[in-house]
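Undergrad: Listed below are the residues making up each chain.
4 protein chains.
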Amino acid sequence: MINIGIIGMGRIGKVHLQSITYHVKNACVLAVADPFMNSETEDFARSLGVKKIYKDYKEILADPEIGAVLVCSSTDTHAAISIEAIEAGKHVFCEKPVDHAVEKIKAVEEALAAHPQCRFQVGFNRRFDHNFAAVRKAYDEGRIGEAHVLKITSRDPEPPNPAYIKVSGGMFLDMTIHDFDMACFLTNSDVEEIYVQSAVLVDPAIGEQGDVDTAIITMKMTNGALAVIDNSRRAAYGYDQRAELFGSKGMAATSNDTLSTVVVSNAEGVTGEKPLFFFLERYMESFSEEMRQFVDACESGGQVPVGIHAGMQAVKIGLAAKKSVEEHRPVKLSEMDA
Amino acid sequence: MINIGIIGMGRIGKVHLQSITYHVKNACVLAVADPFMNSETEDFARSLGVKKIYKDYKEILADPEIGAVLVCSSTDTHAAISIEAIEAGKHVFCEKPVDHAVEKIKAVEEALAAHPQCRFQVGFNRRFDHNFAAVRKAYDEGRIGEAHVLKITSRDPEPPNPAYIKVSGGMFLDMTIHDFDMACFLTNSDVEEIYVQSAVLVDPAIGEQGDVDTAIITMKMTNGALAVIDNSRRAAYGYDQRAELFGSKGMAATSNDTLSTVVVSNAEGVTGEKPLFFFLERYMESFSEEMRQFVDACESGGQVPVGIHAGMQAVKIGLAAKKSVEEHRPVKLSEMDA
Amino acid sequence: MINIGIIGMGRIGKVHLQSITYHVKNACVLAVADPFMNSETEDFARSLGVKKIYKDYKEILADPEIGAVLVCSSTDTHAAISIEAIEAGKHVFCEKPVDHAVEKIKAVEEALAAHPQCRFQVGFNRRFDHNFAAVRKAYDEGRIGEAHVLKITSRDPEPPNPAYIKVSGGMFLDMTIHDFDMACFLTNSDVEEIYVQSAVLVDPAIGEQGDVDTAIITMKMTNGALAVIDNSRRAAYGYDQRAELFGSKGMAATSNDTLSTVVVSNAEGVTGEKPLFFFLERYMESFSEEMRQFVDACESGGQVPVGIHAGMQAVKIGLAAKKSVEEHRPVKLSEMDA
Amino acid sequence: MINIGIIGMGRIGKVHLQSITYHVKNACVLAVADPFMNSETEDFARSLGVKKIYKDYKEILADPEIGAVLVCSSTDTHAAISIEAIEAGKHVFCEKPVDHAVEKIKAVEEALAAHPQCRFQVGFNRRFDHNFAAVRKAYDEGRIGEAHVLKITSRDPEPPNPAYIKVSGGMFLDMTIHDFDMACFLTNSDVEEIYVQSAVLVDPAIGEQGDVDTAIITMKMTNGALAVIDNSRRAAYGYDQRAELFGSKGMAATSNDTLSTVVVSNAEGVTGEKPLFFFLERYMESFSEEMRQFVDACESGGQVPVGIHAGMQAVKIGLAAKKSVEEHRPVKLSEMDA
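Protein chains in written order, with our numbering: chain A, 79 to 416; chain B, 79 to 416; chain C, 79 to 416; chain D, 79 to 416.
Derived from the structure by calculation, the hints contain no laboratory data.
Note that the structure is a prediction, hence the values are computed from the model and not measured.
Be aware that a few hints might be false.
For chains that are exact copies, the list does not tell them apart, and a pair is met inside one copy or across any two.
[Stated by the list, open to error] Think about it this way: if two alpha-carbon atoms lie no more than 30 angstroms apart in a straight line, the pair counts; the simulated DSS-like pairs of lysine-lysine are:
{"no.": "1", "residue 1": "K327", "residue 2": "K215"}
{"no.": "2", "residue 1": "K184", "residue 2": "K92"}
{"no.": "3", "residue 1": "K103", "residue 2": "K215"}
{"no.": "4", "residue 1": "K400", "residue 2": "K327"}
{"no.": "5", "residue 1": "K410", "residue 2": "K400"}
{"no.": "6", "residue 1": "K92", "residue 2": "K129"}
{"no.": "7", "residue 1": "K327", "residue 2": "K244"}
{"no.": "8", "residue 1": "K103", "residue 2": "K133"}
{"no.": "9", "residue 1": "K103", "residue 2": "K129"}
{"no.": "10", "residue 1": "K92", "residue 2": "K244"}
{"no.": "11", "residue 1": "K103", "residue 2": "K130"}
{"no.": "12", "residue 1": "K92", "residue 2": "K103"}
{"no.": "13", "residue 1": "K136", "residue 2": "K92"}
{"no.": "14", "residue 1": "K136", "residue 2": "K184"}
{"no.": "15", "residue 1": "K244", "residue 2": "K130"}
{"no.": "16", "residue 1": "K182", "residue 2": "K133"}
{"no.": "17", "residue 1": "K215", "residue 2": "K410"}
{"no.": "18", "residue 1": "K327", "residue 2": "K410"}
The task is simple: from the sequences and hints, build the whole structure.
TA: Right, dumping it as structure tokens:
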């Protein structure tokens, strides 16, 4: 049994609190901290058995009863708090992205190098999604042979509000970053080169923020496979999350999850349900699974399923994507190291 | 918040304990009782916060802190314990079937008539399954017009062991009873007449117990719709649970749930996953939902979603099915009242 | 190359003329006959290369150039013309049903016994449908093991006009007769016993003609399998033609054909196309294939794929179905021999 | 009724001969010509009613009875023969590509400008495919709003032999050219810019010919939509031909055609059929439809459905694709005019 402290009690912090309480056997949340802690959040936490409620996350880091922390604070604090926690001897689960700057992620890498016992996991929860995990499993089992072409479709049901876009780092670092990690996960490879063709087709207000809302992103993976991601900030039929891995021996493809399998046939046609509404519905089970595997790694000292390398890769790919748009050319990932 | 006592801690009692603990907000399990209570079960219950562990269910009935009981004991005790609980002033959730004998269910009806404040729910959990509920919803919304033909396919992945078959009351009262209730639920109607064509095709040992393992069951519903259930005790591809309601304006049909939507295309064909293994996998969420609705009815004093009428109907249909096989003729449900 | 004469130039006679002209290599239609031959039909036939146009079918039977005839006249003349054609030394393709009366089909059997060189095929075209043939193939290949439960869904888009119902022999001999033959084909077995639960739910005018428009038909096959057919004279979404064969090792199931595979996802849902409109659309290719196989049997002297036994079975089953409705009981097929 | 002459009796010439004979009402093939005419081809043509069999296509051009010619000769002769035919006053159906060189297609454009009465159609048969036509129809009907992202998957079951690759102009001008035209057709737009990421993953021998066998091709359309094509020369599960058009109001997507809808469920999974084998199976009906529409345009003097502009566009896009690979950068289509 490991005691966990959650730093940051926004939406995702609450999701993890519930997951651990209800779905992770060998862990419990002992403490939560949030600078904006209010009575509502406190009541919520207490109703789930949390004993220590703080405003200052440093109280969690100082608590010797706590073995692991979840860094769910705002993105700009992820790296700094992670380093503090590593140095305080805690295992760390850090929400994505670790940071928008390569330098700051490198600092985390260095802290980890100095604390090899620390289990450090990045919150790419979609790797634990039942559908995407099944694609990877088919690949690992050799059912599709060597990877040739990966296709990921990732479309949100609604764009975020324009204010959020400004602080989010833009579509590639906020939304596509999950797809970049998924590309690496499904092909079991890193990215070598990227090219982006993008546009503002959903809402001109997004363009006014200097961002795009629609994109086709082509990547060459280091293992030779090609990959393509297509993104849109708004699909009229809801959250569209699919992947298709094509290889020398076959293809593994997923379709969207729905609330039920019911299909109504009538004079209008043969109609099934739209996809589950958004990420909290579609990926809820994956949040539990990533916690179970993080806790297992902490307890066993084994490897975490998503380490700092993945966290660095995804950000570098996102930055390369932005550069590709700015310079209108294919960009090698190695350019990001310069 | 209502305190619940669970009588009978076999497989289904444990399922309900977990559901209430993790998935029902306004209820908690205060006590459990089982004549065969052992340390393993006790540990399991205590790990989920149960404070009172008994061998004798009468201790639960006598506890004034407990507002509702779940009757999860062996089928032959359902009716008697339910009546005791009703008379002790508890709300009652009774597992299916209430009993194999119409007379004993009538006794429960009488006890309920004498205690009108009692909320009494029967454990037909499949009514709360996302797929079947979606069929009924489509019907209620008028998307398929008046019900003409209902088709239910219900096949188990494996037959029970022969010893169980003897005490189970046979396929119709043990397995098909869920489908009988589903037929009433989906057409929102009772059964008027039934005819069964059955066979022993899966395992001769089942026939030696005087039971059948394969059947096609035709029913005329009181609202004029026709219904057919096809049953098998063993589907090589797993648990097959589908329904299709055809009406004057269209059809609502469900397919099986699977662990993922992944489809592998290769030289052998285009292959998706088999259905979820068995009822604990397929119907797990429905067990939580039936508890939520039971607790809500207890708290609000509103109507339970599955009352004693449904419990009586399903047993009468099952007994009529047996009579149809014995006498090789259509049997009217009114014959069961004689 | 065999010369063919078509007797009866109604809708189905014209279909066969086109099939043979365009899709059957080793045959040509030399002559057509119809008592109501008009200039439109004559022009149509001539445009497809037919050289001899008659009112009287006896001219076809007398023509030594003609090797095979298709009997596409009205049902009440099928048996008599078939016998004449057999005795005239022609091979015969007879549309279904051969007749409504067992006695008259027996007379055809006798004529065939006296002319063993005659290839006599009955027009159960659905056996040649790509979907149903694929179910049978899966069964023959052992992919689903021994047959346990066959399910056929057969629903028309619209009922025929009431006037036709009167002369058609009723739903079982007109519409379901195809499904009866399909049940025998897919299980590779005859019927032992039948029970029908039926109703008038589509149109009271059909009931006024003494017919039904909705039915669930249960059969026990001679090989032990159970079978069920559900019929409706009107499906709001169109022509619904599906089959599902469940066996000891698995299941083979078909869905409906559509004009395209396109699926539109939008705010309303995920919508595919309705089934192909009616039998001329859905089964067009099967009409060509039955002709090819008939011509092959004539040319090679090999066995026809659908012989007089199938023609007799389907009618007996249809008559037993009517008796089951009248007497409200299961009826053995052997009763039809009395 | 129009008389047609077919120039070139290779595989595609024979396909058109059959289509016109069996499936086009108001046309007949009067003459065929092929420099390698042999007795087998002659017999085939005569069996379908062709009266004039030539080695020299000029005899067809000189024949006043012939109103339209199909140019099905080798690609390097398409443009020259087309021009001769135009000048001889014939309507022309020219197989794709019109040529590999922009200059030569311009010469055809000029000939057409000088003969405005000539109906000139290019053989992009896939526009007439039932699935792709249904996507375009959904778009035209406004069911998916404005086009945002088009995705085309196009994979062959087997690569051509290496010798063919050399003369074919490479994958982009031989195979992808159909997809380029499809991109223009489905978005109802031209291409503005293209970027190709490609690889040799299927067979090194293809790379040795200087060609690629796997590619992801991104395009910006002139109407602002983005488009992506993924190609492979070998899909282990067969011919994979899908398209998905995503827009402001929804998405229209197609799946592959199969020989039947049968799905077998057994211990291995739930398995449907592989796609139809190759283009002759999948697109056979589209060859008939393009002929019907060509003949209609010739007869009515109306517009052809696929004119010289489409023929030019597809070649320019293919050449731009090659340039993008060579120069490893996005290429504007306007560069092809230089």
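Undergrad: All the hints need checking, so say for each whether the structure fits it.
TA: Okay, the hints, checked on the actual structure:
no.: 1; hint: K327 / K215; in the structure: both (15 angstroms within a copy, 26 angstroms between copies)
no.: 2; hint: K184 / K92; in the structure: within (28 angstroms within a copy, 49 angstroms between copies)
no.: 3; hint: K103 / K215; in the structure: within (25 angstroms within a copy, 36 angstroms between copies)
no.: 4; hint: K400 / K327; in the structure: between (34 angstroms within a copy, 27 angstroms between copies)
no.: 5; hint: K410 / K400; in the structure: both (12 angstroms within a copy, 21 angstroms between copies)
no.: 6; hint: K92 / K129; in the structure: both (15 angstroms within a copy, 28 angstroms between copies)
no.: 7; hint: K327 / K244; in the structure: between (44 angstroms within a copy, 26 angstroms between copies)
no.: 8; hint: K103 / K133; in the structure: both (27 angstroms within a copy, 27 angstroms between copies)
no.: 9; hint: K103 / K129; in the structure: both (18 angstroms within a copy, 19 angstroms between copies)
no.: 10; hint: K92 / K244; in the structure: within (24 angstroms within a copy, 50 angstroms between copies)
no.: 11; hint: K103 / K130; in the structure: both (20 angstroms within a copy, 22 angstroms between copies)
no.: 12; hint: K92 / K103; in the structure: both (18 angstroms within a copy, 16 angstroms between copies)
no.: 13; hint: K136 / K92; in the structure: within (19 angstroms within a copy, 41 angstroms between copies)
no.: 14; hint: K136 / K184; in the structure: within (23 angstroms within a copy, 65 angstroms between copies)
no.: 15; hint: K244 / K130; in the structure: neither (34 angstroms within a copy, 55 angstroms between copies)
no.: 16; hint: K182 / K133; in the structure: within (25 angstroms within a copy, 60 angstroms between copies)
no.: 17; hint: K215 / K410; in the structure: within (29 angstroms within a copy, 40 angstroms between copies)
no.: 18; hint: K327 / K410; in the structure: within (29 angstroms within a copy, 35 angstroms between copies)
Checked against the numbered hints above, the structure breaks only hint 15 and satisfies the rest.
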